[in-house]
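Student: Listed in order, the protein sequences are those of chains A and B. So for the first sequence, the numbering used here puts the first residue at 1; every next one is plus one. So for the second sequence, the numbering used here puts the first residue at 1001; every next one is plus one.
Errors might be hidden in some of the hints.
[What the hints assert, rightly or not] Heads up, simulated SDA-like pairs for lysine to any residue below, C-alpha to C-alpha not over 25 Å straight-line:
1) K1037/B with Y398/A
2) K65/A with K1287/B
3) K369/A with R213/A
4) K1403/B with R61/A
5) K1287/B with A271/A
6) K1055/B with E1031/B
7) K1065/B with N201/A
8) K55/A with K1402/B
9) K1084/B with K65/A
10) K72/A with A1383/B
11) K84/A with L389/A
12) K1287/B with S86/A
13) K49/A with G1397/B
14) K1040/B with R399/A
15) K72/A with S1303/B
16) K230/A with K1049/B
17) K1229/B with I1286/B
18) K55/A with Y1398/B
19) K1396/B with S63/A
20) K402/A with K1287/B
21) K65/A with D1064/B
[What the hints assert, rightly or not] Which stretches of chain A does chain B cover? Using the computed rule of at least three CB atoms under 8 Å from a CB of chain B, they are:
22) 10 to 19
23) 135 to 142
24) 164 to 172
25) 395 to 401
Hints are computed from structural coordinates only; laboratory data are not their basis. We treat Cβ as the ideally placed atom computed from N, Cα and C, and that holds for glycine.
Now for the letters of each chain:
Number of protein chains: 2
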Amino acid sequence: MKKAIEGNMVIAQSGGPSAVINQSLVGAVVEAKKSGKIGKIYGALHGIKGILEEKFIDLGRESDKTLNAVAKTPSSALGTVRMKPSQSDCLDIFAVLKNYGVRYFFYIGGNDSAETAQIINQEAKRANYELRCFHIPKTIDNDLRENDHTPGFGSAAKFVAVAVMGDNLDNRALPGVKIDVIMGRHAGFLTAATALARVHNDDGPHLIYLPERPFNVDTFAADVQKVYKKLGRCVVAVSEGISDEKGVPIASKFTREVDSHGNVQLSGTGALGDLLAGIIKAETSIKRVRADTFGYLQRSFPSVISETDSREARAVGRIAVKCALSADIDGSIAIKRKNTERYSVYFERVPLEKVARKTKEMPAEFINKQGNFITPRFIKYAAPLVGKLPEVARLKGYRVVKK
Amino acid sequence: MKKAIEGNMVIAQSGGPSAVINQSLVGAVVEAKKSGKIGKIYGALHGIKGILEEKFIDLGRESDKTLNAVAKTPSSALGTVRMKPSQSDCLDIFAVLKNYGVRYFFYIGGNDSAETAQIINQEAKRANYELRCFHIPKTIDNDLRENDHTPGFGSAAKFVAVAVMGDNLDNRALPGVKIDVIMGRHAGFLTAATALARVHNDDGPHLIYLPERPFNVDTFAADVQKVYKKLGRCVVAVSEGISDEKGVPIASKFTREVDSHGNVQLSGTGALGDLLAGIIKAETSIKRVRADTFGYLQRSFPSVISETDSREARAVGRIAVKCALSADIDGSIAIKRKNTERYSVYFERVPLEKVARKTKEMPAEFINKQGNFITPRFIKYAAPLVGKLPEVARLKGYRVVKK
Chain A
1 MKKAIEGNMV IAQSGGPSAV INQSLVGAVV EAKKSGKIGK IYGALHGIKG
51 ILEEKFIDLG RESDKTLNAV AKTPSSALGT VRMKPSQSDC LDIFAVLKNY
101 GVRYFFYIGG NDSAETAQII NQEAKRANYE LRCFHIPKTI DNDLRENDHT
151 PGFGSAAKFV AVAVMGDNLD NRALPGVKID VIMGRHAGFL TAATALARVH
201 NDDGPHLIYL PERPFNVDTF AADVQKVYKK LGRCVVAVSE GISDEKGVPI
251 ASKFTREVDS HGNVQLSGTG ALGDLLAGII KAETSIKRVR ADTFGYLQRS
301 FPSVISETDS REARAVGRIA VKCALSADID GSIAIKRKNT ERYSVYFERV
351 PLEKVARKTK EMPAEFINKQ GNFITPRFIK YAAPLVGKLP EVARLKGYRV
401 VKK
Chain B
1001 MKKAIEGNMV IAQSGGPSAV INQSLVGAVV EAKKSGKIGK IYGALHGIKG
1051 ILEEKFIDLG RESDKTLNAV AKTPSSALGT VRMKPSQSDC LDIFAVLKNY
1101 GVRYFFYIGG NDSAETAQII NQEAKRANYE LRCFHIPKTI DNDLRENDHT
1151 PGFGSAAKFV AVAVMGDNLD NRALPGVKID VIMGRHAGFL TAATALARVH
1201 NDDGPHLIYL PERPFNVDTF AADVQKVYKK LGRCVVAVSE GISDEKGVPI
1251 ASKFTREVDS HGNVQLSGTG ALGDLLAGII KAETSIKRVR ADTFGYLQRS
1301 FPSVISETDS REARAVGRIA VKCALSADID GSIAIKRKNT ERYSVYFERV
1351 PLEKVARKTK EMPAEFINKQ GNFITPRFIK YAAPLVGKLP EVARLKGYRV
1401 VKK
């Protein structure tokens, strides 16, 4: 088996940013520098668009100090793109790569980016262009197949958990119904992670709606009514991707924007939250109903970052380069969880086609029977990915007997 | 002058929560306990509503451990309310206070809460009910008169600055127009604080719109177009309270909900952000336009809290109790800034009517001539209130010459 080949490398970032995507970038760059087996380390700006336009930076010249500071900085430092390459794009890409002597290609992103890597890999073989093509996983949605979880999820999950901790305290102080709309197109993992915010039994979120279960307006209103009757308040976490019985996303009724992978825009608008608040106002007699859409804060918020997530994001970048240098192979680096009492993971190279395009949903064992909350098994799954949450306290509240 | 009088105290929280409002509560409770001059320390649940309904807890029984943990916890631990008392409410309140032997009344809140304290103080004098009545300042809006700034603002400002830091990185990676809607009904301080997010010259926010200047749709679209043309992207921070030339809030066109102080609901809906995004989509050829409304996260987010803000919030609670015990006086505790090179403050008792009802706006010297950004003087004013922000870094980005 042929080990390292002579050549330069290109690395790029694609799809939605995350808080730790630069850890993967830096993990790969540092490993490439250290190996001494790779010539130039090019960073393509804005994914494959940067290759097509020959917009490269020389990552080999970045100091360790800069790299380490960038690793801790959220959002894609190289810029990102949502673009699915055509066959002709691929030929153009190979022409550029050849011109720059590139034989190693690393693409950091989610399932759509894995598909891009897969297409480029296939077309490279067909065009007889020798290329070691690797996908490095990233997605706050946590929906990559083959992975126990994905880099980016732990930090986004920590953000939404902290946000809902605060929001629950706010709702407790000024009671009413509060609806929080969380990112997640097809997979409810991130919305489910809001459950980590709960400290006391009566803490919110009290209801959680996921894209994995059909969303019914009447059931929703009845669920909220029931919690409100019991607690005098109700905090609801809802995935932006919740869909009706026919699978049509509720939010898609307000937008027509579609990207080149065929995804409808669900984020960057408050319409779904406002619709749901309107339903509660219309269907119940509850007066104070509010909705917040957490939006892009979830994926790029500095200072609320999971340590485990950072560490693993760095590792997948490092390991992808190690793999690429070890033999004439391609693939994606997947995170697998060991079946041990204490949380621990290992990394495995998996075929690109196994993570490309299709996504993973929340397993049934993580969702309650009524489809309006998560199970304790989900908490056990998600807690180690998020790590320590801030401590919030209640007064003991010794009630004074009425005179 | 009569010093401490024999009696119990009631303390309550009112209006919107903040991240440090419990510091003030705990500051007052700890000082009252320490003084040995106050009998029972009652906490009324949900402001004056709790007094009317005789819903009291015995704060004197809370341990120091609990109090210190609660102090660090965002959102009003006693619960809050938005309620303006009528004359007859006041008489009912005095009947309850008399029954519970209360001679000290502390009300933590903003200008509306100061008005409540003022009304109760006036009516107590009229009813000849001996009561030492104090308002303790709190508002993320930073719009209390007589105060250089108010407890709660520094932490909310830190949150929005950190959020926009991340959002700017996100927008830089995936360019387009991003509109962030920030809390602030009449005063733009909090929206202005997003400017603290800027590290490099081309960092967002690139435009800031405040309630203090009339918002014109055409100027807005032209401003965004201009920035976009120059940078290929644009991050905009907008106060929820922006109003048209006639003073009508843009957001009020979507809602009819009004509280007992006459305030129209502006938060808890994404309508304004969506409207502004729609304007840019309609008026320009820019394709990627997104809006996020930061919502309630701004005022109750744990773990992004300003140390200076925490310290000062604790101090105003402590000082209010000290004042009330020192002489037969009433008032509000105001924060004044010393005219020194290094940031430093002092506290002053001011008459209730001077902070009640009416609010303060951003001074003209903090807003640029075009009314679409802040001045360096504002940064000098706000930076010490917020404290240290997370470090975010860019790659040096050594461009590779095209081949």
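Student: Would you mind marking each hint as holding or not holding in the structure?
Tutor: Hints and how they fare:
For the given pair, K1037/B sits about 21 Å from Y398/A by alpha-carbon distance, which is consistent with the 25 Å threshold. Under the criterion of a C-alpha separation no larger than 25 Å, the hint pairing K65/A with K1287/B is inconsistent with the structure, at around 37 Å. Annotation: proposed proximity of K369/A to R213/A holds, straight-line Cα distance about 10 Å (limit 25 Å). For a cut-off of 25 Å, the pair hint linking K1403/B to R61/A stands: about 19 Å separates their Cα positions.
For the given pair, K1287/B sits about 19 Å from A271/A by alpha-carbon distance, which is consistent with the 25 Å threshold. At most 25 Å may separate the alpha-carbon atoms for a hinted pair to count; K1055/B and E1031/B meet this at roughly 23 Å. Straight-line distance between C-alpha atoms of K1065/B and N201/A comes to about 22 Å, which keeps the hinted pair within the 25 Å bound. A distance of roughly 8 Å separates the Cα atoms of K55/A and K1402/B; the hinted pair therefore holds under the 25 Å criterion.
Among the hinted pairs, K1084/B with K65/A is inconsistent with the structure: their alpha-carbon atoms are about 56 Å apart, more than 25 Å. Between the alpha carbons of K72/A and A1383/B the distance comes to roughly 23 Å, so the proposed pair stays at or under 25 Å and holds. This hinted pair does not check out: K84/A and L389/A have alpha carbons roughly 38 Å apart, beyond 25 Å. Restraint check for K1287/B and S86/A: satisfied, since their Cα atoms lie roughly 22 Å apart, inside the 25 Å limit.
Using a Cα cut-off of 25 Å, the hinted pair K49/A and G1397/B holds, with the two alpha carbons roughly 17 Å apart. Taking the CA atoms of K1040/B and R399/A, the gap is about 13 Å. The hint holds against a cut of 25 Å. Between K72/A and S1303/B the alpha-carbon distance is near 18 Å, which keeps this suggested pair within the 25 Å criterion. Straight-line distance between C-alpha atoms of K230/A and K1049/B comes to about 20 Å, which keeps the hinted pair within the 25 Å bound.
A hinted pair counts as satisfied when its Cα atoms are at most 25 Å apart, and K1229/B with I1286/B qualifies at roughly 10 Å. Pair hint K55/A plus Y1398/B holds up; C-alpha atoms about 11 Å apart against a cutoff of 25 Å. For the hint linking K1396/B to S63/A, the alpha-carbon distance of about 9 Å falls within 25 Å, and the restraint holds. Simply put, K402/A and K1287/B have alpha-carbon atoms about 62 Å apart, too far for the 25 Å limit, and the pair is violated.
This hinted pair does not check out: K65/A and D1064/B have alpha carbons roughly 44 Å apart, beyond 25 Å. Coverage of the stretch 10 to 19 of chain A by chain B holds. Counting CB-CB distances below 8 Å, 4 residues qualify, and the rule asks for three or more. Evaluation of the coverage hint for the stretch 135 to 142 of chain A: breached, as 0 residues show C-beta separations to chain B shorter than 8 Å, against a requirement of three. Against chain B, the stretch 164 to 172 of chain A contributes 6 residues with a C-beta closer than 8 Å to a partner C-beta. That satisfies the three-residue criterion, and the hint holds.
Coverage of the stretch 395 to 401 of chain A by chain B holds [criterion: at least 3 residues with CB-CB distance below 8 Å; count 6].
Violation of the numbered hints given earlier is confined to hints 2, 9, 11, 20, 21 and 23; the remaining hints are satisfied by the structure.
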